[in-house]
Amino acid sequence: MVSDAGADELQELMRGVVRRERAAFAALYDRTAPQLFGIALRILRQREEAEDVLQEAFVAVWDRAASFDPGRGSVMTWLVTVLRHRAIDRRRRRAHLEDRLGSEEDLLALTAAATDASDRGASLAALQKCLGELDEQPRRAVLLAYAYGYTHEELAGRLTTPIGTVKSWVRRSLERLKRCLDG
Amino acid sequence: MKYRDPKLRDLLAGEYAMGLLPPRARARFERLMAGDAELARLVADWQERLAPIDQTAPPVAPPRRIWRAVEQGTLQRSFPAPTRSAGLLQSLAFWRGFAGAAAAVATALVLFIAMGPGPARAPTVVAVLADSTGTPAFIATRGERGEEVAVAPVRSQSLEAQKSFELWAIAGGPPKPLGLVSARPGKPLLVPASALTTAGTVLAVSLEPEGGSPTGLPTGPVLFQGKVLAELN
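Order-wise, the sequence lines are chains R and P.
For the first sequence, the residue numbers in this note's numbering are 613 to 795.
For the second sequence, the residue numbers in this note's numbering are 833 to 1065.
So that you can see chain R by itself, here it is in the shape it has in the complex (with noise of 0.2 Å):
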């Protein structure tokens, strides 16, 4: 991803996008697509679905970057939010849900050490071990809500588990790593 000399470098960008400039969008793009699209990949699971969406997404970016707020967060956080959203909304629109439910074993991945030295790599080792300190399933079912972009019915359905005991897993697992990240 992007390294924090990156976030800063993604800043300035930004700046030159909200001044309307041509040459900082298409510098943005260039740095951030990659990344944009491999998220959109990963909960589409189907590529002109994905393609679609980074186009979509990268369109609101030009038309909405004045509501972009430096102090709120980084830019690659403003617009990995913009193409979640979109990308978790035409999931759901899909008609046929079992093409997508492919293997998530690279879920193993995410709670194992991180080993990248950098800012970015400290808060991904932070949030793998706070995650690793949930139970397993709950783990399994924020992982799968946040990065497959599974609604409750499908994280109930993925888990057979009755879907009410799947939401409080979820509520009770973002208090938990809350209390881990912030305490």
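Note that these hints are calculated values from the structure, not bench results.
Hints should not be assumed to be uniformly reliable.
Claimed, not checked - So these bits of chain P aren't anywhere near chain R, every CB distance computed over 10 Å:
| # | residue |
| --- | --- |
| 1 | Ala1015 |
| 2 | Leu1039 |
| 3 | Gly1043 |
Claimed, not checked - Per label pair, the in silico range of CB-to-CB distance:
| # | chain 1 | residue 1 | chain 2 | residue 2 | range |
| --- | --- | --- | --- | --- | --- |
| 4 | R | Ala738 | P | Lys1008 | 53 to 63 Å |
| 5 | R | Ala734 | P | Ser988 | 52 to 62 Å |
| 6 | P | Arg873 | R | Arg632 | 25 to 35 Å |
In this text, all values refer to a predicted model and were calculated from it rather than measured experimentally.
Glycine included, each C-beta is placed from N, C-alpha and C at the ideal position.
Mind docking chain P on chain R? Use the hints.
Positioned in the frame of chain R, the structure of chain P alone reads:
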């Protein structure tokens, strides 16, 4: 109201950031967030907490055409809808109703529009591309800032599967490719005005294999054409 409970607010912010709120609840939450800076802050905090998970998605280079589509989609924003004073002659409905008229009449009208009085910044029709019977099929309009010209059909054109319409500028030498133009209105192709400044330039649309001519020159029949008439500089 239940959104006042601090613990519930934070949980909803977390669920929102996760993407777990169903569509209606999400829309309601977004409306609340728009007028509640503290709620927006809770969401931003959740987004930052969870963002490291995004790093675990392997980056994949998207195909180049996605950037081109983004460029087209955003450049379009510099083309406002024709103003009322720009009037009937520039409206698509007018050109749609123009079927059957001779190309020469179209040409005269374009000249009239291009040279006539009116707000200097309003979009201006710079060419009408007609089929072999003289029926207008595509129009080219110059946008507000004059840097780009938008080319789009006046009504949906029939196009066989696995074929594309490609736009060319012809000004003496070999035709220069300007890009693929949609068979449906609403998604204009944007070309730099500077590509059309040579006096007597003709815009032509040819029928090509899907994705455009493989050779850089037209390979199929020219179906629509029209002279660029307005002064583009």
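**OP:** Would you list, in rising numerical order, the hints stated earlier that this structure does not obey?
**Re:** none
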